[in-house]
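Based on the provided sequences and hints, a complete structural model is requested.
Below, each chain spelled out in residue letters.
There are 2 protein chains.
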Amino acid sequence: MKNFLDYFKANHGRFMSEWMELLSFKSISADPAYRDDCVACAEWLAGHLRGLGFSAELWKTDTLPLLYGELPGNPNKPTVLFYGHYDVQPADPLELWDSPPFEPTIRGGRMYARGAEDNKGQVFYFLKALEALGAAGADLPTIKVMIEGEEESGSTAMHEGLSAWGSKLKADVLMVCDTGVIQPSVPTITMGLRGIAHFEVRVHGPKTDLHSGVYGGVVLNPLQALASIVASLHGEDGSVAVPGFYDCVREASPEDRRIANAAPIDTAAMSAMLGVDLAGGEQGRAPLERRGFRPTLEINGIGGGYQGKGNKTVIPSYGFAKISMRLVEGMDPEKTLALVASHIRGLAPKGTRVEILDEVAAGPALNLSVNSPVIQTAREALKRAFGCEPVYIWEGASIPIVAELAAASGTQPVMIGFGEEGDLIHAPNESFSLRQLEEGYRYVTAFLSLV
Amino acid sequence: MKNFLDYFKANHGRFMSEWMELLSFKSISADPAYRDDCVACAEWLAGHLRGLGFSAELWKTDTLPLLYGELPGNPNKPTVLFYGHYDVQPADPLELWDSPPFEPTIRGGRMYARGAEDNKGQVFYFLKALEALGAAGADLPTIKVMIEGEEESGSTAMHEGLSAWGSKLKADVLMVCDTGVIQPSVPTITMGLRGIAHFEVRVHGPKTDLHSGVYGGVVLNPLQALASIVASLHGEDGSVAVPGFYDCVREASPEDRRIANAAPIDTAAMSAMLGVDLAGGEQGRAPLERRGFRPTLEINGIGGGYQGKGNKTVIPSYGFAKISMRLVEGMDPEKTLALVASHIRGLAPKGTRVEILDEVAAGPALNLSVNSPVIQTAREALKRAFGCEPVYIWEGASIPIVAELAAASGTQPVMIGFGEEGDLIHAPNESFSLRQLEEGYRYVTAFLSLV
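From first to last, the protein sequence lines stand for chains A and B.
Throughout the first sequence, residue numbering follows this note's numbering, covering 14 to 464 in sequence.
Throughout the second sequence, residue numbering follows this note's numbering, covering 14 to 464 in sequence.
Since the hints were derived computationally from the structure, they do not count as laboratory data.
The reader is advised that the hints may include incorrect statements.
For identical chains, the list gives no copy identity; a pair is met inside one copy or between any two copies.
Said to hold, decoys possible - 20 Å max Cα-Cα, derived DMTMM-like pairs, lysine to aspartate or glutamate:
#1 Lys-322 x Glu-31
#2 Lys-396 x Asp-49
#3 Lys-396 x Glu-342
#4 Lys-325 x Glu-372
#5 Lys-363 x Glu-295
#6 Lys-348 x Glu-368
Here it is as structure tokens:
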């Protein structure tokens, strides 16, 4: 480990200038105006991989190209597939940035730029760890690299191409450095992601908006019906009140629940930060358990009728609610969506019509086992790199493409990253500290040495 | 009556050109840019009243002037106070008008212009009836005229000044020609208006919008709480489920209910036109009874979280509902508002805070008695003018200023107007037929001769 840290220090200046080159590409995937910048960024990364001995190519797609690279290694070791993304979120509002988002600037030990963390920073420490391992003549496994360009805008090309690329991507371990730590400098393994499915429910009433004086008490107000339908989806105890919703849920093991609840998260401090009691979800279960192991049904948006200043006495023609569900192990996204949609369709009161729109079964949950060999290897690597036991978290969010990629490539994912709350990803003044960069580099060198 | 109709025909050309002059003023009260047009319109009307022998003046207010006129008459007859308004709704979207809204145009026996019906058309037939009565040397009562300029934008000056003007406005009968007929050419007396009060309820959750993956199941979603609160405001039977809500409701008499239900309204046709079953309000009561005699609580708008295309996985910081209540006889607007607001404040689940905003107790209900002498006079006048019995309706809407004005002036309101569904008031291509104008003129000459 000491040698790798020496290498990091010795090459610090070059590392910084290369990182800044990578961060200066305006690779905003959501805006077609930046298509050329996206391609240029992918080409820069391909060149960088070639410099490390990889064969590297851009795979053309109907949208943005994927970068694929391969470096043959010791065939007796498990093949590693690394997944990352070269695209970034849009940078607006530009006026809130202290330095321009695509002119990377180091201040107070932090690199400020769009993508400094998400995901270029975390991709970059992976590349620099590879470089250091190569320079040290380490006995490496075969390493495949897949860096996509549309993670921030739906991973269209990945979703469409994955089944066809299965054999090319075949590997044993899927390394994903797109997550964070529970607290600064506390090495953290993300053990689970929830799946996600979402839809919109629309409750239709009269053909047009009506005068609430002339028709109030005559016609059923679709917003009243909408509220009743939405309210009925949860029970008094905070559980989801759709019959069958929990039927396929695989309960987390007592061991996983114990580990999750032992994570050093101060729920009182969280409550103070959010400004509310942690009163969501199923009563009788601890907050971290609810987040990690239990499904949810959330109203992400609701609307209908008059929303301006003051009042307008209208019975609106319709109202809508946008609903997403977080899914856990055992739940099939398509089946859960069909179950809930069918239940809601049956709730329409007389005088209304219920429509379900925009159904998307984005992806299933991903749950790893603490005792699996690859997680134990990752744990050992983090212990060597940081001198302490890592923390295991089940964080509740979803990265649908990880579960899909793991299935297509036949791999076991290892999700370890060094993002922190203060990095402000997706926001103005995104940054990544040089400390975090070095921590990621430490982890990758240790993991690839051990695997 | 025949003489008056002859007078109408003989002066038809002049009547049309005068009416067009009145309609060409852009007296849009909601937009301060049209202030001068509003004042010019009031001055034109003042001049017109003076031409009929009235003393007439503009009362300055902090907002738009009121036109007040007086014509002394037979002191042994009940004094009549006429109420109308010279302001109109904005005319946009302009591109949907077939002829410009302030260039009055007659097509197919109809006058097309903003205000053609509401309320300049109905004010104009009143003025022309006065002219005809004067020309015939009729024995008229003392007539007071109050034409305001802010009916379409809150009647601010009226609300503020009424208590001070009480003695000046003292009268016996309040004539309001700002309502409609139940079917074309069926003379109709509006017997009741519901009162109205409104407010906004806002349910607050976390300080800021949160990621629904990371915090879903941890924090209670305020939209879920909002839906529960809103849904709980009605019972299964469609009644308002706020304890005490109906306590002061004065039940309509069996006679009034019989008359209301006998109105020639085809509820099946209404249902077909609206595209829904008439499934609102309290079960076990007929639609026209629910509209005329029962209070309501309606959700006029609801909002919160993400409302754009697709989905955004957010737990929003708050949600809101805009609620109005229609009130019936016996219900005090302030007290009802306080009762409901206090009830809703008590519904906040743990992890939320409920706020009530923008409370407005706009006005109480107004209910007239079929057997009162003034309504019997109106009935007799309509019988003479049209040769048939009038229809009595309780129409469910609210004109808060009428109840206030009646109270301040000590008058009994008589609400008879000749608006029809097809006049498209407040919409592009507003119009009023020459037939309707003549029907109104017939009614006013008959009524003022009899009163």
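>> Within a copy, between copies, both or neither: which one fits Lys-325 and Glu-372 at a CA-CA cutoff of 20 Å?
In response: between (32 Å within a copy, 13 Å between copies)
> Using 20 Å as the alpha-carbon threshold, which applies to Lys-348 and Glu-368: within, between, both, or neither?
Replying inline: within (18 Å within a copy, 39 Å between copies)
>> At most 20 Å between alpha carbons: which applies to Lys-363 and Glu-295, within, between, both or neither?
In response: between (31 Å within a copy, 13 Å between copies)
> Should Lys-396 paired with Glu-342 be assigned to within, between, both, or neither, using CA atoms and 20 Å as the limit?
Replying inline: neither (28 Å within a copy, 77 Å between copies)
> For Lys-396 vs Asp-49, is the C-alpha pair at or below 20 Å within one copy, between two copies, both, or neither?
Replying inline: neither (42 Å within a copy, 81 Å between copies)
>> At most 20 Å between alpha carbons: which applies to Lys-322 and Glu-31, within, between, both or neither?
In response: neither (52 Å within a copy, 38 Å between copies)
Of the hints listed earlier, those the structure fails to meet are numbers 1, 2, 3, in rising order.
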